[in-house]
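Protein chains: 2
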Amino acid sequence: MKNFNPVRGCSEYMPRQAAIRENVKRTILNSYQANGYNLITTPILENLELLSSSDGGDNLRLMFKTIKRGEKLDLTKPNLSEQDIVEEGLRYDLTVPLARFFANNREKLPTPFKSIQIDYSFRAERPQKGRERQFIQCDIDVFGDSTIFAELDLLYTVIQTYEAVGLDNLTVKINHREILNAIVLFAGFKPEEISTICVTLDKLDKIAVSGVVMELIEKGFDTDKINKLVDIIEDISANGLVAAKKYGNLDNVVDEIGFLIGTLNTLFKKHTIKFDISIVRGQGYYTGAVFEVYTDGFSGAIGGGGRYDKMLEKFTGTSCPAVGFGLGFEPVCLLVEQKLKGSLTNKLALIYEQDDNIFEVYRIKEELKQKYSVSLFLKQKNMKNFYEKIKAVADYTISVKDYLENKPVKQLIN
Amino acid sequence: MKNFNPVRGCSEYMPRQAAIRENVKRTILNSYQANGYNLITTPILENLELLSSSDGGDNLRLMFKTIKRGEKLDLTKPNLSEQDIVEEGLRYDLTVPLARFFANNREKLPTPFKSIQIDYSFRAERPQKGRERQFIQCDIDVFGDSTIFAELDLLYTVIQTYEAVGLDNLTVKINHREILNAIVLFAGFKPEEISTICVTLDKLDKIAVSGVVMELIEKGFDTDKINKLVDIIEDISANGLVAAKKYGNLDNVVDEIGFLIGTLNTLFKKHTIKFDISIVRGQGYYTGAVFEVYTDGFSGAIGGGGRYDKMLEKFTGTSCPAVGFGLGFEPVCLLVEQKLKGSLTNKLALIYEQDDNIFEVYRIKEELKQKYSVSLFLKQKNMKNFYEKIKAVADYTISVKDYLENKPVKQLIN
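Residue numbers (my numbering), protein chains in the order written: chain A, 313 to 726; chain R, 313 to 726.
The following block holds chain A by itself, in its conformation from the complex:
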């Protein structure tokens, strides 16, 4: 072996970065838990049939699959297909395993059930910056509550969680799939065209109205309908949520979204919570409110989610309303790292010599542990090189001798 890099598309994390990531994860979990959500854990290995039967879209193509083991793997079989050699899949998200978990344990769980999952998912994406093949997802979901109070509970928890990791100036953009559906139909498109039109509308913030028009023309749609749709979008963008009522039987939806936005704005005065007709969210399974969170210093969304009332029925046979949010762990870690600039930990290297009384050494270690994480290091010959390297794992240092002479601890990083 000459190449010791991690496998393609996966990262390994050095002590400082691993510590920050662990702290972020812990802060997120603490905030989710304080708001009454319940941690559950499901396996990374998941039933292939289940994974493949979902609305996974592109994710199905990116799935890691394990091969059959032992005698089950018969490579001599004629006309071998992939199905003959695969056993399980690595999950590509936490939502499908959650649906399976809920179906499996429904009898034992209260309704509504509020879950937390913070764990790994896998997708064989083309390796690129910020996109890992093994990545952490931080999901909360509410199962069994069809009221807008579920969205309120979820977004309240989400906003508090972003605050807990130190992010200010949040913008929460909220839309509703029924409003999107209604305006597309009102413009004259057919129900079966809603999905492809929404895929284009999803790009509104990137390619602007002109780009949307162009893409819809390219897709072969009628210019009259496109122009009408653009007029509607511009009307709603200019006149706000209430303007949407004109375009369909949307009174209830508009009132609910209005209540959600109004309540959140009162509860969180320093953030901006607003209706935004351009929020679509990719996944096909959303049925109601959809939302994305943004903050200064990061161009894309730092999290998003929505209501998906039909998904559970597919798995369980009985319907169950659901709403969920996925907090973007990677962008949040990136933002937290920028803020901390490496000065997070409180680690001290305590240097001792072979001749020091070993009980004295451990007594001093315990004293210093009141204030620091304390790592013992035996004095080395080349201490200059040592102090240089130790910066990777410690911020402070002192020797047993200096400590006994009441000298102060030295800072390793300035």
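There's no promise every hint is true.
No copy labels: a pair is met if it fits in one copy or bridges any two.
In silico DMTMM-like links for lysine to aspartate or glutamate, alpha-carbon gap of 25 Å or less [what the hints assert, rightly or not]:
hint, residue 1, residue 2
1, Lys-337, Asp-431
2, Lys-693, Asp-370
3, Lys-314, Glu-394
4, Lys-557, Asp-405
5, Lys-691, Glu-505
6, Lys-586, Asp-514
7, Lys-314, Asp-396
8, Lys-557, Glu-700
9, Lys-581, Glu-672
10, Lys-691, Glu-672
11, Lys-384, Asp-396
12, Lys-540, Glu-717
13, Lys-713, Glu-672
14, Lys-681, Glu-334
15, Lys-384, Glu-394
16, Lys-558, Glu-475
17, Lys-314, Asp-608
18, Lys-380, Glu-437
19, Lys-651, Asp-621
20, Lys-537, Glu-324
21, Lys-380, Glu-324
Source of the hints: derived by calculation from the structure; they are not laboratory data.
Since chain A is already given, all that's left is putting chain R on it; use the hints.
For chain R alone, coordinates are given in the frame of chain A:
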């Protein structure tokens, strides 16, 4: 889909159990970190060549492997072998990835480097109670310290960590591979026989001396040598570590192990730290001290480790001493769960009604969050059924109305 169970050999965890497991994990990590060890993370997917080139033994047979994706998977190739269709492996332990990580980042890391890894490994074991195919390992390792101070630092941290999760009455049994090697040779066996004889000696606590004798006879060894080996073991068992000095050039080893045991016994008066000639540890890679930890209420070891000075050289080409410990997460969780008897969490269900002022509801939620994790629940029609089910996720409950009338919170579990 009719079957919603997790995949064969893997478990999912309901809220109470998941919360306990998370707390145990966190306590272990806190204690490791307080003692100056550094969390790192490495990917679950690992280079197959690397995984296969290690002393993995049986683990190699139990490895999960992923299939090639897209065009790389050619099932029409004649005489297809497993190698033609596999891409990566799921790691079966954290030691091999750690060795790769160290080789990859050696220039940036101090020596000694003290690492923490708390993460998943995978083995396709025959499903059985207490043996998961996806399981958590909690390892600490010291790389680059050949002195007995490394074992002392490691075991000091380990004992404090078991104490932190609430385990008392620890017995730490320590042996040394050089002592084992010496007595086997002294009894007249050949160097190449040491390994198979140690495999049998490893069972001493389960099958006693008579069982060991029988197995060695079955393996075809000479009874004179076997009897001599038994005499030596009985001598050392009766007369302690110093008796070992008779059987080889073991003065240094015996003195070091004596120092380790003596120092730990002075530092941790309430536990038992002792030499035990029957501790072997399965893995072939150990070269020096080996140890296992036991406690009341669990028959097997709750963790173990040892020195493996030759392993790094295999990967990096340059030698690097190493000593590590794996804390048994599953037995520890089992013991903690028994102690807690389910009464760990501090979760409260706050019941509100549609007519309650929503800002009042959230104000009360924040007040109660000073003391509890607070989950909001809209009042339901069938509250009896609700209270029954809510026990899965909450210990206490109160309604907004009762709270405003200064009534006390109700306990859900007695």
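Since the copies are identical, ignore which copy is meant and state whether Lys-691 and Glu-672 lie within 25 Å (CA to CA) inside a copy, between copies, both or neither.
within (16 Å within a copy, 61 Å between copies)
Checking an output row: Lys-384 and Glu-394, CA cutoff 25 Å. Within, between, both or neither?
For Lys-384 and Glu-394, the Cα distance is within 25 Å both inside one copy (14 Å) and across copies (12 Å).
Treating 25 Å as the Cα threshold, decide for Lys-681 and Glu-334: within, between, both or neither.
Answer is both: 20 Å inside a copy and 23 Å across each meet the 25 Å cutoff.
Should Lys-651 paired with Asp-621 be assigned to within, between, both, or neither, using CA atoms and 25 Å as the limit?
Answer is neither: 38 Å inside a copy and 40 Å across each miss the 25 Å cutoff.
Using 25 Å as the alpha-carbon threshold, which applies to Lys-581 and Glu-672: within, between, both, or neither?
This pair counts as between: shortest inter-copy Cα distance 16 Å, intra-copy 54 Å.
25 Å Cα cut-off: does Lys-314 pair with Asp-396 within a copy, between copies, both or neither?
between (34 Å within a copy, 22 Å between copies)
Within, between, both or neither, where Lys-586 and Asp-514 count as close if Cα-Cα is 25 Å or less:
within (17 Å within a copy, 67 Å between copies)
Is it within a copy, between copies, both, or neither that the alpha carbon of Lys-337 lies no farther than 25 Å from that of Asp-431?
Both ways: Lys-337 and Asp-431 sit 10 Å apart in one copy and 14 Å across, limit 25 Å.
If the cutoff is 25 Å on CA atoms, where do Lys-537 and Glu-324 land: within, between, both or neither? Let me know, please.
Neither way: Lys-537 and Glu-324 sit 50 Å apart in one copy and 50 Å across, limit 25 Å.
Could you place Lys-380 and Glu-437 in one of the four classes (within, between, both, neither) given a Cα distance threshold of 25 Å?
both (23 Å within a copy, 13 Å between copies)
For the identical chains here, do Lys-713 and Glu-672 meet the 25 Å Cα criterion within one copy, between copies, both, or neither?
Cα proximity of Lys-713 and Glu-672: one copy only (11 Å, versus 59 Å across).
Should Lys-540 paired with Glu-717 be assigned to within, between, both, or neither, using CA atoms and 25 Å as the limit?
neither (82 Å within a copy, 56 Å between copies)
Hint violations for this structure: numbers 2, 4, 5, 8, 12, 16, 17, 19, 20, all remaining hints satisfied.
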